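Novice: If you want the building blocks of each chain, they are given just below.
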Amino acid sequence: MIQLQGIERVYEVGASPVRALRGVNLSIARGDYVSIMGPSGSGKSTLLHILGCLDRPTAGSYRLAGQETADLPEAELSRVRRHQIGFIFQFFHLIPRLTAAGNIELPMVFAGIPAEERRERARRSLEVVGLTARAGHRPDQLSGGEQQRVAIARAVVMEPAVLLADEPTGNLDSVSGSEVVRLIERMNTDGLTLIVVTHDPQVGGRARRCIRLADGLVVEDTEPPSRRRSAAPAPEVT
Amino acid sequence: MIERDVIRLAWHSLRAHRQRSFLTMLGILIGIASVILLTSIGEGTRLYVLSEFTQFGATLAAVNPGRIETSGLPGALGITIHPLTLDDAEALRRLPGVERVVPVVMGTAAIEHGGRTRNTFVYGVSSAVPEVWRMNVRGGRFLPEMDLHRGAPLAVIGPKVRRELFGEANCLGQPIRVGGQRFRVIGLMEPKGQFLGFDIDDSVYVPVMEAARLFNRDDLHEIDVLIANSSMIDPVVRRMRALLTERHGDEEDFTITTQTGMLDSLGRILRIVSLAVGGIGAISLLVGAIGILTMMWISVNERTSEIGLMRAIGATPAQIMQLFLIEAAMLSTLGGALGLGTGMGIAHVLRLYVPGLPVHTPAEFVLLALAVSLGVGLLSGLLPARRAAALDPVLALAAE
Ligand SMILES: Nc1ncnc2c1ncn2[C@@H]1O[C@H](COP(=O)(O)OP(=O)(O)OP(=O)(O)O)[C@@H](O)[C@H]1O
Ligand SMILES: [Mg+2]
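In order, the protein sequences belong to chains A and B.
First residue of the first sequence? That's 1 in the working numbering, and the numbers climb one at a time after it.
First residue of the second sequence? That's 1 in the working numbering, and the numbers climb one at a time after it.
Extracted from the complex, chain B is given alone in its bound form (with noise of 0.2 Å):
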């Protein structure tokens, strides 16, 4: 028997009754689609945060004040925590394996040029957050290396900031007010666009000591710490946090992430995450390989004198398990394939109307639930076909 002659008459069967075709295979239909769905958001939003972060370079160790594991649950209470200090920041420069340090301080103030105001976030940070940040100036220069503890009214600012503030006017050399207080615009960054959301080209960029002065406070929100190369990240973190607990007084108050750790958390988490829609998906499965199994035995049923039939005229047992085990296979492929096209189309369709959903679908997810419903049409159609191919043509043949 030829192969295309099998998969015609296993379609001619299926269309016989295509009502009932097709609400067997709804189940797979169903199972592949959600699976489909909800992998590629998974997937998507990994590929989306992987992006977001590998922009800072992979030895990036950001320091922030109180614990919290990386699991996201908020440490043992009751410790006091220590505010994170300029001095902290000047410690961790001097340990071995660390290029550079950008202590932070971030608010949001009015940003005034000539008539015009806009509100934006302003970081008082330090000369090293090209590097540490990987971000280019495009105009002027960034802050110059100073005494952390000395302020200078010197401003760096967005190129969104520059468009509000500027339009196409030259900005450099031209004074603007922060908060109120006078400052110079010494660069211009280049656009590097957002940042889990957040529109990094509206910042200003001062020096820390004009932001603390700006925002009040005398702690820092945070230490981003270079490390000098990848093989050292562990070490440099142990001697970080070993510095940092030394000088809080014997007590581990502040959290270190670095973007390994932020990516295993994220993998931890994505892999529950697949781990459930695995669940979802082998329920449905299931359910669908049990729909075609009660479909094609109903079918064999019959189709009992057709059976005879093709036995009277020269089918092996062989052949006639093959034609069963075809159709359950194109039953099941067919829906796998609708639930495909479902899922990739739900997840357009969610795209268009979230712009940011991270949605993407791998070729390899494609393939696998072709495959993953073909086994099952194969599996579920066992059943039935070998009951098929061992009825007694004699009787099937008087069968009605």
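So that you can see chain A by itself, here it is in the shape it has in the complex (with noise of 0.2 Å):
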């Protein structure tokens, strides 16, 4: 499903350049579970945000479901993401003015889906998060977890393959946290490929894999070394 290979990410802010990612090589299989945790600053949203291009790597090659994603201009990766990619973040980015279903229903507004369809898919995804008798409240009427699980319906809504979390449940009571986890694991037992940059190791030892990052580099994979497809070098120490 996603194979990097030698992924680099540097930031050129004054005169030394930042250098976020230095020479990733990680390849996911399809219907995975991962989790990437790491030091603060070590790379783990940079990363993510390249799995979901929103980001592209300065070098390397990224291939998702079998396509290069570096050479791709910036309207295609737009739909990539629209029906590839689904995003949950820490602050649920939720838009204030919309509704649940509104906001559910936004995704498929920009993949040009016509209303009837809309409501019916955002009603089931509402469903399957629970949250059927808050179609119409707006996110200042609900609860954080409420507003993640909404996040949660809006990110699955076209049915993506790749279910990218980052600090899923950074700012959530643990009740409510783990709700959330449940949730999405349970997505990702229908098939979904869900990473999670988490900083909790309790949420993080959940994955089936765990990946650490340090200072740009994977420093730690729990993958045996017999089922990966591409060999990692052995990471350097600077």
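To be clear, the hints were calculated from the coordinates, so they are not data collected in a lab.
Treat the numbers as computed from the prediction; the structure is a model and nothing was measured.
A hint or two may mislead.
Stated by the list, open to error - Which chain B residues face chain A? A few, computed with CB under 8 Å, are given here: (1) Met1; (2) Ala10; (3) His12; (4) Ala312; (5) Ile313; (6) Pro317; (7) Gln319.
Unchecked claim - To spell it out: a stretch of chain A is covered by chain B in this simulated footprint if at least three of its residues, at any positions, have a beta carbon under 8 Å from a beta carbon of chain B; those stretches are: (8) 45-57; (9) 68-80; (10) 208-221.
All residues carry an ideal CB built from backbone N, CA and C; glycine is no exception.
Mind assembling these two chains? They're in different frames, but the hints should get you there.
Specialist: Now the structure itself:
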């Protein structure tokens, strides 16, 4: 599903460039459940943004479902995100003016799906996340956990192949946090590739495969080397 | 993305800041309202004056003593002004291309009959009035053809005079007193209404010589000339000018006004007015456009993280641009529509309080105003929309 080869991401800030990723090699199978952990500033979010085609690597190759993304034009990348990727964030990122159903419909609006079909699919998504009764509520009328569930419904309503979560429980209490984790794990069971960036070892430990980043490199990968598709070179420590 | 959804999303974000949106619209609103109000009054005035003058026919030329340029400024001083005389009128009538001539002496006088008195306008004229002024006689006949230098105690009255002096009774053949002199009513005019505020129906017509005697003057106020057809207006007016100049000792001490000349100068004045209105409109629309630009710019900054989210869930840069452009266009078109309503509303209220005020808003002005406000919105939304579309999605998402 996902193949990264020599991925680098360098930010040009002033005189000294910041090297957020320094040659990441990684391949993730369809339907896998991966957690990415590591100290702050190690490049977790940067990696997730590249995986989600929201950011481009400065060097290296990223193949998503067999397609090389590095040379795709911006509008094409938007379409890849629309159909293959679902995002959830620490701060939910719901549009405050729109109802729960309106927020869930938004990706379908950009995809040009007609209103009746949108309504039906949003209704089903709300059912999946258990918020049918809250369809007409605006974000400020929902709890944090409910907002994150709406965000999950929005992320999967286009039936993507990959769900990317950046600290999905970072802003929630433990009860609604574990509710959210259970929900996305259920979606993973149904075949969705799940990649979760987290600081919480309890959340990260639940994944089938745990990846640890440090200083822009993969320093630990629980996947048995026999299953790896491309061998990662040993990390050099500078 | 379906157009209806773009409009709905833009509408949601305008509604989220109702007051701010309304204040932003205010610039366009005031601009469109004032332009619509002023052009409505201007256009109404043009149509009013046009209909007032065309009721007299297009081939009428009026000669007045003294020189007045069409611009309305008095001409060179120091010219001795010869009065217009009956001989001038007769000379004009003999010109080729001149069909009929009405010499005019006018004033107000008391009209009496059967103990009732009314002060009205008295016109000393010739028999040619019905043709030259395009007025019809309802009963009896108009003044007969006669030697202009000789009078006859005959009078034709307007319907209002008849109503005031005779009521519903027959007036034909009845005696009346005009300024104390005895006249006999031989005709009654058809109602014609008002001309530039004068009640034409409130008039009495007598032979020009009788009016000259009545008002004790031997010169004319005006000579109205009916030219045979419209293609001859220019050559005949030239001949009239030459003739009168010669008769007045080589001085052009008179003014010839034709309807085309009058409408030309009216058109010139209205063009200046519409230029001024256009200037006001352009300035206020510019101010409105800057208001929208500023507000949209602020809006893009405020909604940066929202834009990042939209990009993350699959919006293309072009779609983001479209959203903000439509939002700006809606803001300004809505302002324009409200301005249109306000302008027309004020025009309507003005007409209620000033009944004579001619007001007219042509449909194409309405469409133009809406089109212009749409264009202003698109233009002023361009910069903010491009900025929104160009945002880096990762940085935008991180913005708070
Ligand atoms: N836009 C940017 N410009 C410059 N440097 C950046 C930018 N974004 C990230 N960085 C740097 O890249 C490195 C990796 O950042 P990243 O956000 O991926 O870290 P992270 O692992 O997600 O950290 P955290 O756990 O705190 O979220 C950091 O050193 C950060 O300062
Ligand atoms: Mg991070």
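Novice: Tell me the hint numbers this structure goes against, listed in increasing order.
Specialist: 2 and 10
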